[in-house]
Amino acid sequence: MDLSALSLTELSDLQEQIKQEFKKRQKQEVVRAREQIIAIAQSVGVPLDELLGAGGGKVKTKTRKPVAVRYRHPDNSSLQWTGRGRQPQWVKDWLASGKSLDALGV
14 MDLSALSLTE
24 LSDLQEQIKQ
34 EFKKRQKQEV
44 VRAREQIIAI
54 AQSVGVPLDE
64 LLGAGGGKVK
74 TKTRKPVAVR
84 YRHPDNSSLQ
94 WTGRGRQPQW
104 VKDWLASGKS
114 LDALGV
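Residues 14 to 119 in this note's numbering are what the sequence shown spells out, letter by letter.
Mixed in with the good hints, there may be bad ones.
To be verified - With beta-carbon atoms standing in for the labels, derived distance ranges: (1) Ala52 / Lys75: 32 to 40 Å; (2) Leu65 / Phe35: 39 to 47 Å; (3) Gln49 / Lys105: 55 to 63 Å; (4) Ser110 / Leu65: 52 to 60 Å; (5) Leu114 / Ser91: 39 to 47 Å; (6) Ser17 / Val59: 27 to 35 Å.
Everything labelled a hint here was simulated from the structure, so no lab data went into it.
From the three backbone atoms N, C-alpha and C, an ideal C-beta is built for every residue, glycine too.
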């Protein structure tokens, strides 16, 4: 097809036809893909809703239980630390002042 012979209006019309054809073919591909997925699920005996369900094949992780507080500031009981992870600043300050971590134990 020689596009150089077409007028600007004809090119614009052709562009619109291409957009419409592209959308139509995309929809057809989605329908075909859906049909293939359904056929595969049926061939292995897995219900489609289970295949695409809420789990989505994700590995279930255990929910972590809260850890008991192991250290508490003697003057301010709202300052607490479980002993896991980074030391809070108040623990670092406590240790920097020469006091022991055992003194904070619950």
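Evaluated hints:
Taken as a hint, the range 32 to 40 Å holds for the pair Ala52 and Lys75, whose Cβ atoms sit roughly 36 Å apart. Separated by about 27 Å at the C-beta atoms, Leu65 and Phe35 break the suggested range of 39 to 47 Å. At roughly 59 Å, the beta carbons of Gln49 and Lys105 sit within the given window of 55 to 63 Å. Separation of Ser110 from Leu65 is about 59 Å and conforms to the stated range, judged on CB atoms against 52 to 60 Å.
Our hint of 39 to 47 Å for Leu114 and Ser91 is violated, since their Cβ atoms are close to 19 Å apart. Between Ser17 and Val59 the beta carbons are some 55 Å apart, a value that contradicts the proposed interval 27 to 35 Å.
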